[in-house]
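Student: Chains C and V, in that order, give the protein sequences. Using this note's numbering, the first residue of the first sequence is number 1, and each one after it goes up by one. Using this note's numbering, the first residue of the second sequence is number 1, and each one after it goes up by one.
Bear in mind the hints are in silico, worked out from the structure with no lab data behind them. Relax, there's no trap hidden among the hints.
Okay, the calculated beta carbon distance ranges per label pair:
| id | chain 1 | residue 1 | chain 2 | residue 2 | range |
| --- | --- | --- | --- | --- | --- |
| 1 | V | M96 | C | K337 | 36 to 44 Å |
| 2 | C | E298 | V | D193 | 36 to 44 Å |
| 3 | C | C115 | V | I133 | 43 to 51 Å |
| 4 | C | D285 | V | D193 | 29 to 37 Å |
| 5 | V | I133 | C | I186 | 35 to 43 Å |
Straight-line Cα separation of at most 27 Å, BS3-like style, residue types lysine-lysine; simulated pairs:
| id | chain 1 | residue 1 | chain 2 | residue 2 |
| --- | --- | --- | --- | --- |
| 6 | C | K122 | C | K152 |
| 7 | C | K301 | C | K279 |
| 8 | C | K96 | V | K199 |
| 9 | V | K143 | V | K132 |
| 10 | C | K337 | C | K305 |
| 11 | C | K371 | V | K143 |
| 12 | V | K115 | C | K371 |
| 13 | V | K143 | V | K181 |
| 14 | C | K263 | C | K205 |
| 15 | C | K337 | C | K282 |
| 16 | C | K371 | V | K120 |
| 17 | V | K108 | C | K96 |
| 18 | V | K143 | V | K174 |
| 19 | C | K96 | V | K120 |
| 20 | V | K108 | C | K371 |
| 21 | V | K132 | C | K96 |
| 22 | V | K132 | C | K371 |
| 23 | C | K96 | V | K190 |
| 24 | C | K79 | V | K115 |
| 25 | C | K305 | C | K152 |
| 26 | V | K143 | V | K224 |
| 27 | V | K54 | V | K173 |
| 28 | C | K79 | C | K113 |
| 29 | V | K99 | V | K70 |
| 30 | V | K199 | C | K371 |
| 31 | V | K115 | C | K96 |
| 32 | C | K170 | C | K196 |
| 33 | V | K174 | V | K99 |
| 34 | V | K88 | V | K54 |
| 35 | V | K149 | V | K188 |
| 36 | V | K120 | V | K199 |
Each residue gets a CB set at the ideal place from its N, CA and C atoms; glycine is no exception.
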Amino acid sequence: MSVTMLRNFHLRLVKTSLDKVSYDAKKSLPTRLYCSATSLASPSHESTGFFRTSETNPVNLNEKHLGRFYSIDNEIYQKLYVQHHGFPLEYREQCKVFREQLVLVRKPYLDLKRCVDAVDLKKPVVRFVLHGVFGSGKSMTLGSMAHYGYTKDFILIHLPWIPLWTRYCKEIVPSITREGFFDHTINAVAWLTNFKNQNIELIQKLNLLTSKDYQWSKREVTGQGSELLAIVEHGISRPAHATECMYAVFKELKTHSSEEKCKTMVLADGVNELFYPCKWIKGPDRKPVPPTQLTAYEAMKDLFKTDWTGGVVIVTVDKAALHPDFRESDLPRYLLKKEGWELFDPFVPIEVNNYTAQEVQTTIDYYLERKWLQHPASSTEEGRLELEYLSTRNPRTLMELCNSSGSSGTFLHLPFLSFRFTGFFR
Amino acid sequence: MGSLRILKHCSSFQRLLTCSNSFTPTPSTIQSRRYAIFPDSFIHPIFREEDQRKLIESGEAAKYAYLPVKPARTTETASVFYDDLVDKIINHIMRMGQKQLARNIIDKTIQTIKKVQLAKYYDTQDPEERAKIILNPWELLHKALENSKPFLETTPIKRGGHTYQVPVPIREKKQQALAIKWLIEAGKEKEDDMRFFVKFAYEIIEAANGTGQVIRRKQELHKKCEANRAYAHYRWS
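Bound conformation, chain C alone:
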């Protein structure tokens, strides 16, 4: 077996294992991809490659921009994503290094966008469930939708990475109003702050008022007809009431949307966490608290019901949201369990797949242009093919490989290994 035979063998492996459609790894890579690395390596910040689009408005993105990077304005990025895990941690770190925020326009994103456009807001809410293998870009797709919703004047109820409420929960206290329930304090305050940050202008513009009285304690009342932001501000200043305030905000927005005073977009990442017991969250008796006894979770489940109109619900189901014991399948039926399936049925499933060969090469091009891929071999044809092959075209694995350019040249960077070893969203 000669060297070339070996190479061909590898290529055949790529062909057969990665794509059912007949695909020639060498042919599918346009030659211009290979020459781009050097020609685009100019140090200037404003350098534009063919893999970028000048379009910054997510509303205008369409098939023309498929497989290209679009940039998010820094102001909007700081507002929507930085404060509360709007995008995965690793992505945010990269943005800090590259000093710009680029998101790849992919098919599931465009599909989702078109679906949301087509939704009749006078009918009960439509639920979209994103699913796919670990690291395929579900959270990124969901995060990008926040930008779209923001531009389209939706009020965002953005719940990034729901396991933050249990696995990385800061504090829970027994509920004052509901017997046997537990309230979050720090988490709820953080969420309310983020909610205020994201939507303050729109809420003030729409002049949303509360529809009923809220009695927080003997002396603290938010009366009917006061501003919606009053509830939010009360929650921020009183952590003990923060979860109740959150619930109240959800209910208010549901009523306002049903009365066509505003449009609401609910975005929730790792929603299957709501239906699984979590042993990391413990009550005063040091026993795990079941998810059915968390006020915040009840509030979220209330959002996903179809008893309101004038909004859309977009959620993801993710294996990584669960304890390693429950990671047998990536499909919604398994991840949502019977309870979640019944809550979400009927929903629109949207599968987020791994990158195509073209998308892998575009991402590598982008990294080369930002000088992130520093190994001299990574710009060669062999290097590109190796990255594609080792990553199995999984976006997250590709990112991890590119972080160190396979410094140890290993095959151990497999997705199922990496998400146990690396902290996820911490």
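Given the coordinates of chain C, assemble chain V onto it according to the supplied hints.
Tutor: The following block gives chain V in isolation, referenced to the frame of chain C:
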């Protein structure tokens, strides 16, 4: 070409090519205990594609055609990103056989170096200044190692009832081992809230620039040898 055709039928040369691993004419590869079962007649597999190509082009491949070949080690891959030195440093960092952990540390070190250097790069506006910044972490690593290598050390030798610290030259293999050891030790001297890979990355960058505590340590050792040069003849007399 004739010899190549013959090579095709030779089973041991096929193994030489298909074995996914390293060989090593380089003195830095230490024979592990597992390899002790192979007699000296076994050669290390030539796992790098470019090495194989070179051998075939120069016609030396025929020399290895009928030799038995050892199995390759797990880390010795035909990857284009394979680096002998990085592989070595991983083994130095590794404790209690936790290789995956050591690999992750090195990966994060390389990532940190890139982050630090890119931040410098983007902060600098002058193109000439920019061109001077080395962004390639592997280049920095090799440079740092080269700068940290000591050439002399002292060894205690007893002469006439006294023990003298006698300066002696160091072998190349030990030079590398010392340099890696010093870099790792420098990385461990840090505050509790700092991670090893961050400090390690900064040490590498400093050593590559010819500054930092590793370079100082090397210079101190050299100074000591210089001071004891009067005892140098005790090495052989």
